[in-house]
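*Asks:* Given chain A, work out where chain B should sit, using these hints.
Now for the letters of each chain:
There are 2 protein chains.
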Amino acid sequence: MKKQYLLAPGPTPIPPEVLLTMAEPIVHHRAPVYEKIMQGVREGLKYLFQTKKEVLIFASSGTGAMEGAVTNTLCAGDKALVVEGGKFGERWANICKAYGVKARVYPVEWGRSIDPVSIAQALKEDPSIKAVFTQATETSTGVLYPIKEIAAIVSRHPGTILVVDAISHLGAAELPMDEWKLDIVVAGSQKAIMLPPGLAFAALSDKAWEFVGKSTLPKFYFDFRKELKNLTQNQSAYTPAVSLVMGLAESLKRIQEERLENVFARHAKLAKATREAMLALGLKLYAPQAYSNAVTAVVAPPGVDGQKVVKILRDKHNLTIAGGQDQAKGKIFRIAHLGYVDQFDIILAVAAVEMTLKELGYAVEMGQGVRAAMEVLTEAK
Amino acid sequence: MKKQYLLAPGPTPIPPEVLLTMAEPIVHHRAPVYEKIMQGVREGLKYLFQTKKEVLIFASSGTGAMEGAVTNTLCAGDKALVVEGGKFGERWANICKAYGVKARVYPVEWGRSIDPVSIAQALKEDPSIKAVFTQATETSTGVLYPIKEIAAIVSRHPGTILVVDAISHLGAAELPMDEWKLDIVVAGSQKAIMLPPGLAFAALSDKAWEFVGKSTLPKFYFDFRKELKNLTQNQSAYTPAVSLVMGLAESLKRIQEERLENVFARHAKLAKATREAMLALGLKLYAPQAYSNAVTAVVAPPGVDGQKVVKILRDKHNLTIAGGQDQAKGKIFRIAHLGYVDQFDIILAVAAVEMTLKELGYAVEMGQGVRAAMEVLTEAK
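Here the protein sequences line up with chains A and B, keeping their order.
One gets my numbering by counting positions in the first sequence from 1 and adding 9 to each.
One gets my numbering by counting positions in the second sequence from 1 and adding 9 to each.
Isolated chain A, as found in the complex (with noise of 0.2 Å):
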C-alpha cells in the first residue's frame, strides 16, 4: 500500500470534493449555468483578493498573468525595478527583458529580506521607473518580504505602479489588495486555492487600469482589457478551463466558509509549528527571519544532501517536498504548509522528516521535533 502525501508548494493538496466537483459531467461556457458559477467565482476572488475591483482569471500557469502584468501596463524602453531574491524575482527580469522592459535589478541575498528603505532610495534616485516587480513570498527561499512597508512607498509616487506576484502566498497570509493599495496581485490556482495548476489570476487598482490605457507592448492572450470586458458579462474571452472553474466555485466556497482570518490563522500556526519543529532537531531555517505562512525552507545539516532527503522521503515515505533550485540546489529543503492542510499533515511531515535525517546519519533524539511542532499545534492562540 502506497499512501501519498503532498507537502510542496505547489501543487499543493485537492480537496477530494472539489476534485469530484470536476470530475462533474462538463458544462459549455455559454449556458446560463455557467454564468451562474462565474458570479459566484467573481464574488468568491473580490473576497480572496481583499479588493473591489475584477479579478481577471486566464486559463493558465501563474507565469501567464505574470507575463500579463508586463504587457499590458508598460511600453517597450520603460524602466522597471525588479526585486530579485530567487527564481522567481529573476522571472519578473526575464519576462521585462523578453518586452524590452528596462529591469534594474535590486538584488536580495537568497534567504534574505528587503529593506523597504531601499525601495523609497531607488524611486527616489530614478522617479522614471514605471513599475516596481516583486514576490509576496519568495517561494523558492521561503522568504516574505514587507509588502505593506514597500506599498506605502510606491503609492506615493503617482508614475510607479507596484506589481506583486503573490502566488504561493494570496490565501495563505494577509495581503489586502485595496488597503495596502498593491497596484496589481497576481495568483494562481495551484496553491492556498487548493486546485490543479491551470489557472492564474491578476486583480489590477485604478492607477494600474490607467497605465493599461497607455501600455504599447503587444499582448494577444493575455489581454487584461478584453479579458475584463468578457469578465463583466461572466464569460472569458477565449474558451475558459471549465472543470478548472467549476472547481474554483467549490474552492472559494470552502474559503469563504473558513473565513480568511481563520484561513490565515491556521497557515499561520502550521507554519511556525514547522519551524520550530525544525529548530528543535537543531537545523537552521534558510530564512532566518521574515518567515512565510506557505513554505518553510531549511538549510540541510552539514555532510547531509538537501536532494537526498526529498528523495528519500518520496521514494521511502510517499512524502513530496521540494529541494533547492539554482544556487540553493542540495543546501536546503522545502517544506510547504499550503491550502488543504492541517495539523496531522505537519506533524507526519515532520516525523518523516526526523525517521530521513536519521537515515541520512544526522544524530536525532526520535520525536524531538514532532513534540516541539505538538506543542506549538496545541497553543491557545
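One should not assume that every hint holds.
Which copy is meant is left open, so a pair is good if it fits within one copy or across any two.
[Said to hold, decoys possible] In silico BS3-like pairs for lysine-lysine, Cα to Cα no more than 27 Å straight-line:
(1) Lys235 to Lys338
(2) Lys96 to Lys45
(3) Lys235 to Lys106
(4) Lys12 to Lys281
(5) Lys106 to Lys223
(6) Lys278 to Lys133
(7) Lys320 to Lys238
(8) Lys96 to Lys235
(9) Lys262 to Lys238
Just so you know, the hints here were simulated from the structure itself, not pulled from any lab data.
None of the values given here were measured: they were computed from a predicted structure.
*Replies:* Frame of chain A, contents of chain B only:
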C-alpha cells in the same frame, strides 16, 4: 430529472473514465510518476498528430498556441496571408495585427471553402509572404478547407510556412502532419481529444523550427524553444496543468486503442448521418460542400430563428448545441459530432431538433430525420 446532453463544438463530452482519472489525487510535476505520464503523452501526441516531431503542450486555450505560432516564427513587419472564412480566420488576422505582422486577408465567403489555386496565385504575386495562416476546419461555419492541396503549394516555397489551426479538426479527420508537409499544427484539448479546455498543442516541422531561429517577435509564456527544451525532459517551462495532463494520458490511450483510422471513420459516419437527417427534414446545410467531420452547420428554415432552436433545445430538452456567430447569428445552428460521441447521440440530437422545429412551427413529419440518420448509421461502411 434533467439528463444533460452536449453536442457543441467544444467543450465536448468527456468520458467518465477520463473525468475520474483527473479526480485522482494530484501528483507533483517533478515526481518520477509525472515524468512517466509525460513519456506516454509525448508518444500519444505524436501518434495523433501523425508526426515524428515533438508536440508542445501549453496550459492555455488553443488561442494561446495560435499566438505562439505567430510570435515564434515571424518578425515585426513580416507579411502573412490569412485565410479568413469565419470567426477563427479573423483570430489569425487579429493576432497578426497585435504583433505588427502585415496580414493580407484572403476573404472566403462564410460557409464556402477556398480554391487552393488562389493561394498559389497570392504567393506568386508576393513571394515575400512568410506564412500562410488557415484553419483546417472553420468551426464557425462547419467548412473543411483543402489543407492537403494548400500544403502542396506552400511547401514549394522555401520562404513560406503553412500554419494550420486544427483545434476543431485534429482527431476528427485526416491531417497527417509529416506526410502532408504542414509546418505548424495547433490543437486544443476540448474537441476530439475529449478533455476539458485548458491545454493547447503545437507541433512544428523542421522548416518551421528554422523560422523560430530567426524570429524576433517578443514572447515569454508561449516561447516554443524553451518549451521544447523542457518537454524533451518530460517537463514544461512553467507549472503544467497536471490534472489535465493526467486526463490527456487517458484520452490518448483511448484514441490509440480505437486507432486513428477508426476514429476518423466514426466521425465521418456521424457527420454524414447528421447531414442526411437535416436534408431529409428539408433543411439546407450552411456549407453546401466541403463538409466537416467535426460540426454540421444547418441553415435555420425561413421564419425560424436559429438562436431559438438552440435555446429550446437547451431549456426544454437539456441538449446543448451551438448557434451561429457574428454574421451567421440567428441564421444557423451547429450540431457537433466531435470526440466522445456515438451513433445514439446523433439519433437523439436529430430527434430533439425535429421536436424543436415542430414547436417553432416548421412542418416536420416526425421521425423523418431520425430515419435518414439511422439509414446512414446502418450502412455497411
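*Asks:* Each hint should be assessed against the structure and marked as holding or not.
*Replies:* Results of checking the hints against the structure:
no.: 1; hint: Lys235 to Lys338; verdict: between (41 Å within a copy, 21 Å between copies)
no.: 2; hint: Lys96 to Lys45; verdict: between (38 Å within a copy, 26 Å between copies)
no.: 3; hint: Lys235 to Lys106; verdict: both (24 Å within a copy, 15 Å between copies)
no.: 4; hint: Lys12 to Lys281; verdict: within (26 Å within a copy, 49 Å between copies)
no.: 5; hint: Lys106 to Lys223; verdict: both (20 Å within a copy, 18 Å between copies)
no.: 6; hint: Lys278 to Lys133; verdict: neither (38 Å within a copy, 70 Å between copies)
no.: 7; hint: Lys320 to Lys238; verdict: between (47 Å within a copy, 24 Å between copies)
no.: 8; hint: Lys96 to Lys235; verdict: between (30 Å within a copy, 16 Å between copies)
no.: 9; hint: Lys262 to Lys238; verdict: within (25 Å within a copy, 39 Å between copies)
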